[in-house]
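Fit chain B to the supplied structure of chain A, relying on the hints for placement.
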Amino acid sequence: MLSHATAREWLIPYADGMLSTDEHGRIEGHVGGCADCRTEVDALRQLNLVLVSLPPAPPLAFAPFWLKLQAALPAPKRASLTRSPRFRRAGIAFAAAAFAVLAGASGAFAAQSALPDNPLYPIKLSEEAVRLSLTPGPERLGVQIQIGSERLREAQAMAATGKPDLAARSVRAFRVLIPSIGPGLERASDQRAAQSQARTLEIELTAVQEANATRGDDDAEVKQLVLTSLGDLEAELHPVPPAVNPDVTTVATPAPQATSRPTPRPTDRPKPKPSDD
Amino acid sequence: MDNADAAALPETDGEERRLIDRSAAGDQEAFRQLVLRHHRLVINVAFRALGEVSLAEDVAQEVFLKVYRALPTYRHDKPFAHWLHRVTSNAVTDFVRRRKPVISLDAFDQLPMASGSDPQDLAARHDLQRAVRDAIAALPSHYRDTISLQVFGELSYDEIAKTLDIPMGTVMSRLNAAKRILREQLGPALQNDEQANTA
Numbered sequence: 704m705l706s707h708a709t710a711r712e713w714l715i716p717y718a719d720g721m722l723s724t725d726e727h728g729r730i731e732g733h734v735g736g737c738a739d740c741r742t743e744v745d746a747l748r749q750l751n752l753v754l755v756s757l758p759p760a761p762p763l764a765f766a767p768f769w770l771k772l773q774a775a776l777p778a779p780k781r782a783s784l785t786r787s788p789r790f791r792r793a794g795i796a797f798a799a800a801a802f803a804v805l806a807g808a809s810g811a812f813a814a815q816s817a818l819p820d821n822p823l824y825p826i827k828l829s830e831e832a833v834r835l836s837l838t839p840g841p842e843r844l845g846v847q848i849q850i851g852s853e854r855l856r857e858a859q860a861m862a863a864t865g866k867p868d869l870a871a872r873s874v875r876a877f878r879v880l881i882p883s884i885g886p887g888l889e890r891a892s893d894q895r896a897a898q899s900q901a902r903t904l905e906i907e908l909t910a911v912q913e914a915n916a917t918r919g920d921d922d923a924e925v926k927q928l929v930l931t932s933l934g935d936l937e938a939e940l941h942p943v944p945p946a947v948n949p950d951v952t953t954v955a956t957p958a959p960q961a962t963s964r965p966t967p968r969p970t971d972r973p974k975p976k977p978s979d980d
Numbered sequence: 063m064d065n066a067d068a069a070a071l072p073e074t075d076g077e078e079r080r081l082i083d084r085s086a087a088g089d090q091e092a093f094r095q096l097v098l099r100h101h102r103l104v105i106n107v108a109f110r111a112l113g114e115v116s117l118a119e120d121v122a123q124e125v126f127l128k129v130y131r132a133l134p135t136y137r138h139d140k141p142f143a144h145w146l147h148r149v150t151s152n153a154v155t156d157f158v159r160r161r162k163p164v165i166s167l168d169a170f171d172q173l174p175m176a177s178g179s180d181p182q183d184l185a186a187r188h189d190l191q192r193a194v195r196d197a198i199a200a201l202p203s204h205y206r207d208t209i210s211l212q213v214f215g216e217l218s219y220d221e222i223a224k225t226l227d228i229p230m231g232t233v234m235s236r237l238n239a240a241k242r243i244l245r246e247q248l249g250p251a252l253q254n255d256e257q258a259n260t261a
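Those sequence lines, one after another, are chains A and B. When the letters of the first sequence are read in order and numbered with our numbering, they come out as residues 704 to 980. When the letters of the second sequence are read in order and numbered with our numbering, they come out as residues 63 to 261.
Think of the hints as simulated: they come from the structure by calculation, not from any bench. Yeah, the Cβ is synthetic: ideal placement off N, Cα and C, and Gly gets one too.
Taking beta-carbon pairs under 7 Å as the criterion, some of the chain B residues facing chain A (in silico):
#1 G76
#2 I105
#3 N106
#4 R110
#5 A118
#6 F126
#7 L127
#8 L237
#9 K241
#10 R245
Pulled out of the complex, with its shape left as it was, chain A reads as follows:
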């Protein structure tokens, strides 16, 4: 049987719904027979109702947020080729020569972040093509995902700056990459990491969709392309499993999506302290 003093120390986690079933039952048993504690719990619940009434922020477009943040970031460091095992394997000298031929000594780095309305943009596309061709098969998916992610970033930026044609072109270029994701996932050496990486495209594509939701008719094509791309990407990331019994006609259902919430872990039960540290 709980003492009144002990029960009172547990009333806040009880009102917050943070106790185990067993603990909850013990406190509830006491509260049921104690008018003081019942009043206290009612007051705590009233306070909680007010505290949880603070609403979340309304939906906000990511692209303008990122563009503003990017403008404030310190200048990017030049990429170090020697840090990348991929380039080491492909041959540092060969890769460096390819970059130099394509982009000139300094232009390649400036082109890396160029948007479709920038004169350096074609250099960026060429650099990506070379990079992809130099990448061994099992690692190619990672580069394709980076390129896809870059196309979505461009689409966001173009839509945000009132250039829906260029935004649509970037989404179309993104769509071209989608069919290679499924085979790439099968080839990947670390499938779990590859899945996780590929899912960021889904998040980014959804962000493009949310950012475009409030835009006008000029962006209708972009909206449609994004919607179609989401369906295509979903099919690549979550393929429908084959029917188990070919003799029985069944309607195939999509494989359950992996949850982002890990399995809860048990932890030691804390002892409440009567006063703070």
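Just chain B, lined up with the frame of chain A:
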């Protein structure tokens, strides 16, 4: 203690770890992906604490700038989301401290528009929410940091303990104390709200 909600914050997965390492080396594309994953969380926390979208965005910008600068010193010994919550909480506190009281029409534009509720109810709700934010901001720092993570960040007791690196018992005692003070501070407002709800 029930830990059913104890894993609401994502653990740092392999991909995120790579994004963090690449961002720390100055790769802005990797950092963009990291921001994309977490900007909603940061803006929500800041908005709940400040009540205005423009202020929440300013604080979120500040948070990610601090994160970018501090990433080279970040160690993977605790989940990135826990660290981010702490940086956000500190940024909100600094912002509130710096801010001079202003009356912003922007805040009134963002009143929640529930169907069927009249302007008087909305204004009363808005006043109550502002009273809650002010009361939390006025708490002693260790109580404020703890209850902010629960109210603005929607973290469980376990997550608060990990984010602040304090025992779970301390989380409970701080929440106990913070809520007692809040009840005293908000007493009349709470009674009005209860009467409005039961009317």
